[in-house]
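Q: Construct all of the structure, not just a fragment, from the sequences and the given hints.
Chains as they are written, first to last, in my numbering: chain W, 1 to 83; chain B, 1001 to 1150.
Rather than coming from a laboratory, the hints here were simulated on the basis of the structure. Careful, some of the hints might be misleading.
[Claimed, not checked] As a list, the in silico DMTMM-like pairs of lysine to aspartate or glutamate whose alpha-carbon atoms are at most 20 Å apart:
no., chain 1, residue 1, chain 2, residue 2
1, W, Lys65, B, Glu1143
2, W, Lys62, B, Glu1046
3, W, Lys61, W, Glu36
4, W, Lys65, W, Asp28
5, W, Lys62, B, Glu1017
6, W, Lys62, W, Glu36
7, W, Lys61, B, Asp1085
8, W, Lys65, B, Asp1085
9, W, Lys62, W, Glu31
[Said to hold, decoys possible] Cβ pair distances, simulated, as ranges:
no., chain 1, residue 1, chain 2, residue 2, range
10, W, Gln37, B, Pro1084, 15 to 25 Å
11, W, Ala70, B, Lys1107, 37 to 47 Å
12, B, Lys1107, W, Pro46, 27 to 37 Å
13, B, Thr1002, W, Leu17, 28 to 38 Å
14, B, Asp1123, W, Ala64, 35 to 45 Å
15, W, Glu50, B, Leu1133, 37 to 47 Å
These numbers come from a predicted model, not from an experiment. Yeah, the Cβ is synthetic: ideal placement off N, Cα and C, and Gly gets one too.
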Amino acid sequence: MSGEPITAVSSDPADALAAVAALRRLADRVEDAAVEQAMRAGWSWPQVAEALGVTRQAVHKKHAKRLIAAGVVLRRRDDDHVR
Amino acid sequence: MTTFGKYLHAVLEQGREEARQDGSAAVEAEHLLLGVAAGPRAVPREVLAEAGLDHRVIREFEHSLNAAGASAAAFDLPRPSANPDRPRRLAASARLAIERGATSAPKKDLQPAHVLLGILRADVGTVPRALALAGIDRAGLAERTRRALA
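A: Below is the structure:
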C-alpha cells in the first residue's frame, strides 16, 4: 500500500469508480481500527457513536462482537454516570 | 449435491474465510477468486496456478489496489482485530459472479470450472482491475478455463 495522498488526477471514470470502492473499503477498515482503539482507551459506546455520527445501537451492533472476541474490556453503560 | 454444487459450496466457505481475514463485512468477488485459489484441488485452481496466480500472489495484488489514492497508513492505528465470525452476506460482485457461473451452461453440464468462469466474466470491478494490474490476460485465462472443461 502506498502512502500517496488523495489526488484525483485521472479523468478515467473506471479509475474514479475503483477509487470510490477502495475508499469505502479503507473507511471500513479505519473505522474498525479507530473504534477498537477508542474502546481500548476507555471510551463509551455513546461517545464513539456520537464521534462517528451514528446511533449507539448501530456502532454496538457493528463492533461489539468483534471487540469482545478480541478481549477488549468494554465499559458498561452505568460507568458513564459514575464518571 | 452435484460436483458443481459441492465445489461452489467449498469456494463460498473459503471465500467467507478470506473476507473475514480481510475485515470485510461481505464476501466480494475477489474473495471468491481467493477461495478458488485456496480451495479444493480441482481444475480451476490448477488453471490459476498455471497462470502464476496462487493465493499469495492474489492477496498481494488485491492489497495493492488499496493504493487507489488513499492509504490506511495515513492513520497510525494498529491493525483492527478480525471478526470471530465469517460474514454471511454476499456482496453484489460475488452474487453476480455466481449467477454468471451458474448460468454459463445448462444445469446438468455445470462443472467447477464454471465457477471460475463466472468470476472472470466481470469486465469492471476489483477482480478485472487486479488481474490487469498483475499483468494477467483475463480473456486468455477465461479461454484456458473453458478449454479445461471436460
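Q: Give me the numbers of the hints this structure contradicts, sorted from smallest to largest.
A: Going through the list in order, the structure violates hints 1, 2, 12 and respects the others.
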